[in-house]
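These protein sequence lines are chains A and B, in that order. Each residue of the first sequence is one higher than the last, beginning at 0 in numbering that gives the first Met the number 0. Each residue of the second sequence is one higher than the last, beginning at 0 in numbering that gives the first Met the number 0.
In case anyone wonders, no lab produced these hints; they're calculated from the structure. Everything numeric in this text was worked out from a predicted model, so none of it was measured. Possibly wrong hints are sitting among the right ones.
Computed cross-link-like contacts, PhoX-like style, restricted to lysine-lysine with a CA-CA straight-line distance of at most 20 Å [as the list claims (entries may be wrong)]:
1. B:K20 <-> A:K12
2. B:K78 <-> A:K114
3. B:K143 <-> B:K127
4. A:K96 <-> B:K230
5. B:K218 <-> B:K78
6. B:K118 <-> B:K145
7. A:K114 <-> B:K118
In silico negatives: residues of chain B with every beta carbon more than 12 Å from chain A [claimed, not checked]:
8. A19
9. I99
10. V104
11. K124
12. P217
Even for Gly, the Cβ is constructed at its ideal location relative to N, Cα and C.
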Amino acid sequence: MSAATTDTANPRKPYVRPISKTSWFLTSARYKSYMVHEVSSIFVALYMIQLVAGLFYLAAGPEEWESYLAFLRSPVVILLTLVGLVFFVIHTTSWFKAVPQATRIMRGEEVLPGKILVTAHYGIWAAVSLFVIILAWVA
Amino acid sequence: MTATRTIQLEVLRYRPEQDAKPFFQTYAVPVEDEWVVLDALNYVKDELDRTLSYRWSCHMFVCGSCGMMINGEPKLACKAFMQDYPSGKIRVEPLSNFPIERDLVIVQDDFVEKLTAVKPYLLPKQDKTVEQGEYLQTPAELKKYKQYSLCINCLCCYAACPQYGLEPSFIGPAALTLAHRYNTDSRDAGPEARGDLVAAHEGVWACSFVGACSQVCPKDVDPAGAIQQAKLYSALNFVTGMVKGDK
Ligand code: SF4
Ligand code: SF4
Ligand code: FES
Numbered sequence: 000m001s002a003a004t005t006d007t008a009n010p011r012k013p014y015v016r017p018i019s020k021t022s023w024f025l026t027s028a029r030y031k032s033y034m035v036h037e038v039s040s041i042f043v044a045l046y047m048i049q050l051v052a053g054l055f056y057l058a059a060g061p062e063e064w065e066s067y068l069a070f071l072r073s074p075v076v077i078l079l080t081l082v083g084l085v086f087f088v089i090h091t092t093s094w095f096k097a098v099p100q101a102t103r104i105m106r107g108e109e110v111l112p113g114k115i116l117v118t119a120h121y122g123i124w125a126a127v128s129l130f131v132i133i134l135a136w137v138a
Numbered sequence: 000m001t002a003t004r005t006i007q008l009e010v011l012r013y014r015p016e017q018d019a020k021p022f023f024q025t026y027a028v029p030v031e032d033e034w035v036v037l038d039a040l041n042y043v044k045d046e047l048d049r050t051l052s053y054r055w056s057c058h059m060f061v062c063g064s065c066g067m068m069i070n071g072e073p074k075l076a077c078k079a080f081m082q083d084y085p086s087g088k089i090r091v092e093p094l095s096n097f098p099i100e101r102d103l104v105i106v107q108d109d110f111v112e113k114l115t116a117v118k119p120y121l122l123p124k125q126d127k128t129v130e131q132g133e134y135l136q137t138p139a140e141l142k143k144y145k146q147y148s149l150c151i152n153c154l155c156c157y158a159a160c161p162q163y164g165l166e167p168s169f170i171g172p173a174a175l176t177l178a179h180r181y182n183t184d185s186r187d188a189g190p191e192a193r194g195d196l197v198a199a200h201e202g203v204w205a206c207s208f209v210g211a212c213s214q215v216c217p218k219d220v221d222p223a224g225a226i227q228q229a230k231l232y233s234a235l236n237f238v239t240g241m242v243k244g245d246k
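Okay, chain A solo, but in the shape it has when bound:
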């Protein structure tokens, strides 16, 4: 186009569709489920805080540790922990599902199939859980 073209002769007038900064995620089912997934990670965070707090109580001494255990035994905390556990499992599985996307391992000439990676993660998860359960049993 020649530089002499003036604005009045230029029929271009791109239209920008507005996007809401606060409610964009309501515009599609995919965004909605994404938001629910992300917001639910708050339960995972609470669960983590609970675990880390336990470490501090453990370090503080036997009495403090007992009080932490008593806190854990209250029905509300048990309920919250169960809810946390459910979301922990959901987030762990969705994370495992994404592993082959985020890592690409070459085995010789071929890309290592994602299934093997995912299965390995579940295997390690199961092994560690088993170990912890046995440990809890013995202790």
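We have chain A; now place chain B with the ligands onto it with these hints.
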């Protein structure tokens, strides 16, 4: 004989010289089950309304020009089959997150700038003369990035990416994927040559790994995966850089 039925094709129209803003126009289109949405648009153009504008070329998922929102999902119009839309009503809009040039045609300038910025071509480690021959590569080295080289620049991923919608400075899925494609090519000098942009605020770190881009990609490129790998790559680079003392 193929079954013919009539669908209501709702098209978002926008004619800059006469419309203040876009509006929906509905066309009654007799379609066959083997048709794709692009065929229905071509029917409108040929038989009903010549003023309708949209982009297409190959009609076989290769050129990447017919990306549009079909019932709210970014898709190639030539890959959206009538039989998957039994309801009799299809709504077609230009790709989300882009300005509308006219009807279903979007303004691509922003993407083209970003694409150029990531230098989507080989930056060889060492330049060779023609006499010195080709830059060779083994099949295994090719497999490492091949999936990421299948992108047809249809921009469906940008239309799906909430991050790009909210933060237009984000380089976005396809361009970052292409940067990763070259960065992981054994013949390429790698991220030092184009890494700055990829590792920048507008680069891979702006992506929240929602994965919407990979879900809509018609070529199974998996841009979300490429971006995650690029994050790992750029994090490792940063750490090795620190160890070596240049950061
Ligand atoms: S990555 Fe996929 S969706 Fe994005 S532009 Fe390339 S082909 Fe299209
Ligand atoms: S994974 Fe990243 S690039 Fe893909 S849609 Fe999500 S934010 Fe956008
Ligand atoms: S017309 Fe070429 S990809 Fe659809």
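Hint-by-hint comparison with the structure:
1. B:K20 <-> A:K12: It holds: about 10 Å lies between the C-alpha atoms, which stays within 20 Å.
2. B:K78 <-> A:K114: violated, 28 Å
3. B:K143 <-> B:K127: violated, 23 Å
4. A:K96 <-> B:K230: holds, 18 Å
5. B:K218 <-> B:K78: holds, 11 Å
6. B:K118 <-> B:K145: Between K118 of chain B and K145 of chain B the Cα gap is close to 18 Å, so the pair holds against 20 Å.
7. A:K114 <-> B:K118: This hinted pair is violated, its Cα atoms lying about 33 Å apart.
8. A19: The claim breaks: A19 of chain B does not keep its Cβ more than 12 Å from every Cβ of chain A (closest is about 9 Å).
9. I99: violated, 4 Å
10. V104: violated, 10 Å
11. K124: holds, 20 Å
12. P217: holds, 16 Å
Hint violations for this structure: numbers 2, 3, 7, 8, 9, 10, all remaining hints satisfied.
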